[in-house]
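Chemist: Letter by letter, the chains look like this.
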Amino acid sequence: MTTPSVRRQTTDAFVQLKNVSKTFDVSAPWLNRVIERKPQSFLHAVSDLSFDIQRGETLALVGESGCGKSTVAKLIVGLYASSTGSVTIDGQDMKIALTSNNDAARALRRKVQMIFQDPYASLNPRWRVADIVAEPIRTHKLIANGAALDKRVAELLGFVKLTAKDGEKYPHQFSGGQRQRISIARALASNPEFLICDEPTSALDVSVQAQVLNLMKDLQREMGLTYLFISHNLQVVHHIADRVGVMYLGRLVEIGDKKEVFGDPQHPYTRMLLDAIPDLHMTGKARTPVAGEVPNPLNPPAGCAFNPRCPRRFEPCDQSRPELLRLKGRQVACFAASAAVSSPTLATSA
Amino acid sequence: MSKPLLEVKNLRIEFPNRRGLLTAVDDVSFSIAPGEVLGVVGESGAGKSLTGAAIIGLLEPPGRIAGGEILLDGQRIDNLPYEAMRKIRGRQIGAIFQDPLTSLNPLYTVGRQLVETITTHLDLSAAAAKDRAVKLLEEVGIPAARERINHYPHQFSGGMRQRVVIALALAAEPKVIIADEPTTALDVSIQAQIITLLKGLCRDHGTAVMLVTHDMGVIAETADRVAVMYAGRIAEIGPVADVIHKPQHPYTIGLMGSIPEFESDRERLIQIDGAMPRLDAIPKGCAFNPRCAQVFDMCKTSRPELMLAAASRAACWLHESRLVHNESRLAQ
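Protein chains in written order, with our numbering: chain D, 55 to 404; chain Y, 154 to 485.
Just so you know, these hints were derived from the structure itself, not from any lab.
Don't take each hint at face value.
Below, a list of computed lysine-lysine pairs in the DSSO-like style, where the Cα atoms sit at most 30 Å apart [claimed, not checked]:
1) K195(D) with K223(D)
2) K215(D) with K437(Y)
3) K312(D) with K271(D)
4) K219(D) with K437(Y)
5) K223(D) with K240(Y)
6) K313(D) with K399(Y)
7) K72(D) with K92(D)
8) K219(D) with K453(Y)
9) K271(D) with K195(D)
10) K288(Y) with K328(Y)
11) K223(D) with K165(D)
12) K328(Y) with K271(D)
13) K215(D) with K453(Y)
14) K128(D) with K271(D)
15) K288(Y) with K240(Y)
16) K165(D) with K219(D)
Okay, the calculated bits of chain D under chain Y, using three or more residues with CB under 8 Å as the criterion [claimed, not checked]:
17) 87-101
18) 236-250
Each residue gets a CB set at the ideal place from its N, CA and C atoms; glycine is no exception.
Excised from the complex, chain D in its bound form (with noise of 0.2 Å):
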């Protein structure tokens, strides 16, 4: 942890994004354009995003709906093509999988996988679970039909919990929590390395989600699994991450070891996620909340993009953008902080 710099260039990151950013053009149709004469607008759902992922690790991202951590998951795997930056898995580029269609490509785009928020719409309702389960290994045809396939289905049901007859049903005889151990087994079929889950518990009961987290600590245990794992419950993240990363409005604020960024916050917006969390220890007690919402992401705020909600601004803030810089054992871009850490005297009088 002594020098951080030293070791990123040194042990390779089993992912590595670097400076990945998203932009989606949201003009009006031309035609509208040319009459209303309205400039073309663009949104920047993701932006200048760098963070790396070592093998067998749980990275979190949070933040509120709209901060881009579902589009950070998409160009990860793929669904999405980043406007700037590269994406890197194991040491090779994700464009390969993307452009190509070669075996490397192909290896590629096995390594990845992902479980989506909803399992009442990622499963398809015509087919028997077992079909669905072996779909990526027919697509990546790694066991020819027949009964080897079906054995294979069978352990791989077997995972999630979940028995070589349930494979003959249809998703919808299925609960909640029982569909998304289905998206597990899926997931888990084209024996892959990296796990992304987009929010995979948000849909569920807190009893059949304690059903969900367990699973996936214990198969990231047995096959050493890397995740990243998208979600605004904190609580939830606390419990399986070991890394955090904290995003506002398509950029990190603060990313560090989950001890260090829950235990001791350091920018003003991690600060207030904790603090908004209803605690089952504060019954009885009233706070006071964190006025404002997350700000129009077509049109964000000059400087740093949490500054009219931050009860810690100053002077720069609306100026310039601070970066991520290392402070406190993680990184943290935010003036107050960093200006905290440099002299105490000048955070005291803020």
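Following the hints, put chain Y in place on chain D, whose structure we already have.
Modeler: Only chain Y this time, still in chain D's reference frame:
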């Protein structure tokens, strides 16, 4: 405690279908006092939203109230004719639903919807109703209310829309508010704002609130008492601190343990195996018995009623045996 505003006695909701009768809510009783917030928690399908819908008289056919009574201020309201119920709904019982976008009409301005609600229930002139609408919007924390009143729902953000919905529910100063998952569709920072708002407003107006949610955290911060529902029945009901910190029913214990927390560093969450039974396959005896770690013979044959368990009441035979045990010990 003052006289309860809302009383539900032995409520039973049934859905007839081709194969017979499904009982979605069975023998549910509770009461809410003025200014009190009763939290109702449970997993999807536990019957918590149906109970709320029955109280406001919005059960979708073929669902129907098959037994029990609902009393508002001592008057029965469950057997009122449609028109009479319509007068009560909105005027005396307000409702806040989960999705703020679908509970507002996208084609009318917020102001028009508020004024319509106000003039329906209160005898006010159009101008006075508009003034009241502005005041309501200010009360729920919408800045520049006088201009915002002419905006359409799509011009508001999710949190602001939910504030408008709360303003609508409060428009006629109802005595009771049924809030069905009011913060589920919102981000945590907005959720905290809405909870604080709702709680403050109810305290100020002395409104009784039934807060239906699956989020224990929201209940912990908002409710005075909490009812835990399982498979259409109340499994445990009691003061919020007792239910959360000293749960008595094995289901509540499992439910509390399955919530990830910052304070705990345990590797695995407590997990209740299995899933809630389908309505057509509710087990005999205690509905929770196939999933219960402490199950014994009695649980499989007869159904436990709510019985005293510490500061709460729980529908669990474990507490019966403790009671008997204690009494026999006292007798000796």
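Chemist: Take the hints in turn and mark each one as holding or not.
Modeler: Hint-by-hint comparison with the structure:
1. K195(D) with K223(D): 24 Å, holds
2. K215(D) with K437(Y): 26 Å, holds
3. K312(D) with K271(D): Given pair K312(D), K271(D) holds - Cα atoms ~16 Å apart, limit 30 Å.
4. K219(D) with K437(Y): Holds - the C-alpha atoms of K437(Y) and K219(D) are around 26 Å apart, at most 30 Å.
5. K223(D) with K240(Y): With a Cα-Cα distance of about 48 Å, the restraint between K223(D) and K240(Y) is violated, given a limit of 30 Å.
6. K313(D) with K399(Y): Since the Cα atoms of K313(D) and K399(Y) sit roughly 28 Å apart, the hinted pair holds (cutoff 30 Å).
7. K72(D) with K92(D): 33 Å, violated
8. K219(D) with K453(Y): Holds - the C-alpha atoms of K453(Y) and K219(D) are around 28 Å apart, at most 30 Å.
9. K271(D) with K195(D): 28 Å, holds
10. K288(Y) with K328(Y): 19 Å, holds
11. K223(D) with K165(D): Distance ~28 Å between K223(D) and K165(D) Cα, so the pair holds.
12. K328(Y) with K271(D): Judged against 30 Å, a Cα distance of about 47 Å means the pair is violated.
13. K215(D) with K453(Y): OK: K215(D) and K453(Y) at ~26 Å, within 30 Å.
14. K128(D) with K271(D): Holds, at roughly 23 Å.
15. K288(Y) with K240(Y): 23 Å, holds
16. K165(D) with K219(D): Between K165(D) and K219(D) the Cα gap is close to 28 Å, so the pair holds against 30 Å.
17. 87-101: Contact hint for the stretch 87-101 of chain D vs chain Y: violated, 0 residues under 8 Å.
18. 236-250: violated (count 0)
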